[in-house]
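**Student:** The chain contents come next:
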Amino acid sequence: MAGRVIVVTSGKGGVGKTTTVANIGTGLALRHKKVVMIDADIGLRNLDVVMGLENRIVYDLVDVAEKTCRSVSKALIKDKRLSNLFLLPAAQTRNKDALTPEQMIAIVDELKDDFDYILIDCPAGIEGGFQNAVAAASEAIVITTPEISAVRDADRIIGLLQEKEIYDPVLVLNRLRPEMVRKGDMMDVDDINDILAIKLLGIVPDDEEIIISTNKGEPAVLNAHSKAGEAFRNVVRRMEGEEVPFMSVDGEPGLFGRFLKILQGK
Amino acid sequence: MLSPASKSLRDEQLVFKGLKQGLTLFIPEKDSFLHWLEVLDRQLNQARGFFQGGTILVELGARKLAPGEMAGLKRVLAKYRMRIKAFNPLEIKRFDSSSPEQPSVPCGVLLVKQTVRSGQRLEHEGDLVVKGDLNPGGEIVATGDIIVLGALRGIAHAGARGNRQAEIVAFTLAPVQLRIAHLISRAPEERKGRQGPVVASIKGEKIVVERL
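Going line by line, the protein sequences match chains U and F.
According to this note's numbering, the first sequence is numbered sequentially starting from 1.
According to this note's numbering, the second sequence is numbered sequentially starting from 1.
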């Protein structure tokens with residue numbers, strides 16, 4: 001089997017690339033897929049921290065590229081919770097020049113046959129680090145938040161992906177605040193789709209649980225009560241080809257809210 | 001337009017010429033490149049001091065350089081502290097709308113079937129049709145008319161060589177800037193753009209937008 005190689009990218013920093021990779025990776029693994037997540041953000045690695053695997057790192061991506069460790073599998077870290085989820089961490093003490101696109105392609109080629117999914121966490125920016133992360137990918141997930149600057153950068157990234165012959169990237173709209181959209185204070189899905197015009201893979205609401213789960217090193221997708229976790233579970237189902245309706249932008253009232261509505265006869 | 005170059009390139013000698021773009025070295029297409037490198041070295045040596053320490057353009061005509069030849073050329077020039085600014089300046093299509101109207105070479109219509117996104121720039125000699133949007137941060141430049149079959153939200157420059165009759169047509173117009181010939185206009189600071197189709201053209205000394 002040859003796995004799907006998907007890069008998760010955004011252009012702008014801080015919009016939730018790493019969080020998305022951690023959650024999608026974990027979500028896919030929960031569905032019994034064999035998944036490896038590659039942290040391509042050399043020098044600013046985070047994915048290991050978000051996954052709570054920092055203290056298990058021995059070898060990293062640059063060690064593999066430079067053949068310091070014998071094979072790629074030596075550098076893979078198995079997740080604490082799921083035995084079919086792996087992480088290939090970035091090097092922290094090096095910088096983006098420590099890797100070339102050719103090395104990245106070689107590493108991914110070695111992993112391709114053993115995994116269903118290879119998710120690549122792309123660094124922010126459009127320089128060398130981006131080029132490395134994108135080199136081996138055949139699909140892309142573009143992350144944006146409902147801010148004009150993030151959308152602009154996402155647009156630039158979609159153009160650059162085209163140049164790399166990745167023609168059909170899909171979009172995850174992160175950190176949407178339904179109550180702000182309702183009041184007209186935040187860009188809504190239509191505004192963003194108007195500019196980017198690519199297929200929507202998911203809408204993830206702003207959720208404090210994400211901050212808690214990131215700090216705990218436990219992806220929100222594992223938390224049955226997290227709204228963002230729910231949204232990521234839906235993203236994963238869509239990646240697997242299921243048709244899942246999108247969360248209504250009006251904000252889904254929670255169980256209590258729905259109960260209240262029934263009481264009020266609405 | 002290419003005549004001075006082709007003439008110099010057919011000549012069987014190395015020529016330095018001052019073009020509008022800058023000092024240009026013409027290397028003839030005939031004979032081996034190595035031969036011309038030797039000639040260049042000799043000439044520069046004789047003219048010691050005259051060309052030293054500048055950047056030049058290099059016109060090669062149809063000749064394609066192998067990586068080794070390129071390195072050789074750079075090495076010879078470096079000996080006289082010269083650097084290459086660009087190759088084949090006669091092919092460089094940087095439009096200069098400040099220059100008086102030039103007889104534009106009609107190259108017909110270019111149809112682009114994709115959205116022009118932030119950071120992308122399209123240039124065309126002739127009329128340009130975009131079947132898609134022009135997003136903020138994107139730029140399209142044509143010597144003739146520009147038609148956007150979608151939303152124009154970036155920068156569009158029609159009549160880039162000074163053609164004041166050029167027009168810009170779009171289905172939705174909410175541009176960052178519109179430019180026609182040497183005129184530049186900014187969209188009024190309203191939130192929603194003009195729902196089209198609309199056409200922008202020069203009336204008097206202003207760019208005016210009207211319903212098509």
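In short, the hints are calculated from the structure, not lab data.
Here a beta-carbon is modelled for each residue, glycine too, at the ideal position from N, C-alpha and C.
Hints are not guaranteed to be accurate.
Claimed, not checked - Calculated lysine-lysine pairs in the DSSO-like style (CA-CA distance at most 30 Å, straight line):
1. F:64 x F:30
2. U:199 x F:131
3. U:164 x F:64
Claimed, not checked - Which chain U residues face chain F? A few, computed with CB under 10 Å, are given here:
4. 93
5. 94
6. 98
7. 148
8. 153
9. 157
10. 196
To be verified - Over 12 Å on every C-beta distance to chain F, these chain U residues come out as not near it, computed from the model:
11. 2
12. 101
13. 103
14. 126
15. 151
16. 152
17. 154
18. 156
19. 159
20. 160
21. 161
22. 162
23. 163
24. 194
25. 217
26. 225
**Student:** Indicate, hint by hint, whether the structure satisfies it.
**Tutor:** Do the hints match the structure? See the list:
For the given pair, residue 64 (chain F) sits about 12 Å from residue 30 (chain F) by alpha-carbon distance, which is consistent with the 30 Å threshold. Between the alpha carbons of residue 199 (chain U) and residue 131 (chain F) the distance comes to roughly 19 Å, so the proposed pair stays at or under 30 Å and holds. Distance restraint check for residue 164 (chain U) and residue 64 (chain F): the Cα-Cα separation of roughly 26 Å lies within the 30 Å cut-off, and the hinted pair is therefore satisfied. For residue 93 (chain U), the interface hint is violated, since its Cβ never comes within 10 Å of a Cβ in chain F; the closest pair sits about 32 Å apart.
Taking 10 Å as the C-beta contact cut-off toward chain F, the hint placing residue 94 (chain U) at the interface is violated, the least distance being around 28 Å. For residue 98 (chain U), the interface hint is violated, since its Cβ never comes within 10 Å of a Cβ in chain F; the closest pair sits about 26 Å apart. Because the closest C-beta pair between residue 148 (chain U) and chain F is about 9 Å apart, less than 10 Å, the hint holds. Interface restraint check: residue 153 (chain U) against chain F, minimum CB-CB distance 8 Å, threshold 10 Å, status holds.
Hint status for residue 157 (chain U) relative to chain F: holds, with the closest Cβ pair at about 9 Å, below 10 Å. For residue 196 (chain U), the interface hint holds, the least distance from its beta-carbon to any beta-carbon of chain F being 8 Å, beneath 10 Å. The Cβ of residue 2 (chain U) lies farther than 12 Å from every Cβ of chain F, with a closest approach of about 29 Å, so its non-interface assignment holds. No beta-carbon of chain F is positioned within 12 Å of the beta-carbon of residue 101 (chain U); the least distance is around 20 Å.
Interface exclusion of residue 103 (chain U) from chain F stands, the closest Cβ pair being 22 Å apart, more than 12 Å. Distance check for residue 126 (chain U) against chain F: the nearest CB is about 8 Å away, which does not clear 12 Å, and the non-interface claim fails. For residue 151 (chain U), the requirement that its beta carbon stay farther than 12 Å from each beta carbon of chain F is not met, with the minimum near 9 Å. Residue placement check: residue 152 (chain U) does not keep its beta carbon more than 12 Å from all beta carbons of chain F (closest about 5 Å).
Chain F draws residue 154 (chain U) into its interface by the beta-carbon criterion, the shortest separation being 9 Å against a cut-off of 12 Å. In this structure residue 156 (chain U) is not separated from chain F by more than 12 Å, as the shortest Cβ-Cβ distance comes to only about 4 Å. In this structure residue 159 (chain U) is not separated from chain F by more than 12 Å, as the shortest Cβ-Cβ distance comes to only about 4 Å. The beta carbon of residue 160 (chain U) sits about 7 Å from the closest Cβ of chain F, which is not more than 12 Å, so the claim that it is off the interface is violated.
A Cβ of chain F approaches the Cβ of residue 161 (chain U) within 12 Å, the least distance being about 10 Å, so the stated non-interface status is violated. Non-interface status of residue 162 (chain U) relative to chain F is broken: a Cβ of that chain comes within 12 Å, the nearest being about 8 Å off. Separation of residue 163 (chain U) from chain F is inadequate, the least Cβ-Cβ distance of about 9 Å not exceeding the 12 Å criterion. Not every C-beta of chain F lies more than 12 Å from that of residue 194 (chain U), the closest at about 7 Å, which undercuts listing it as non-interface.
For residue 217 (chain U), the shortest C-beta to C-beta distance to chain F comes to about 35 Å, beyond the 12 Å cut-off, and the non-interface label holds. With a least CB separation of 38 Å from chain F, residue 225 (chain U) remains clear of the 12 Å interface cut-off, as annotated.
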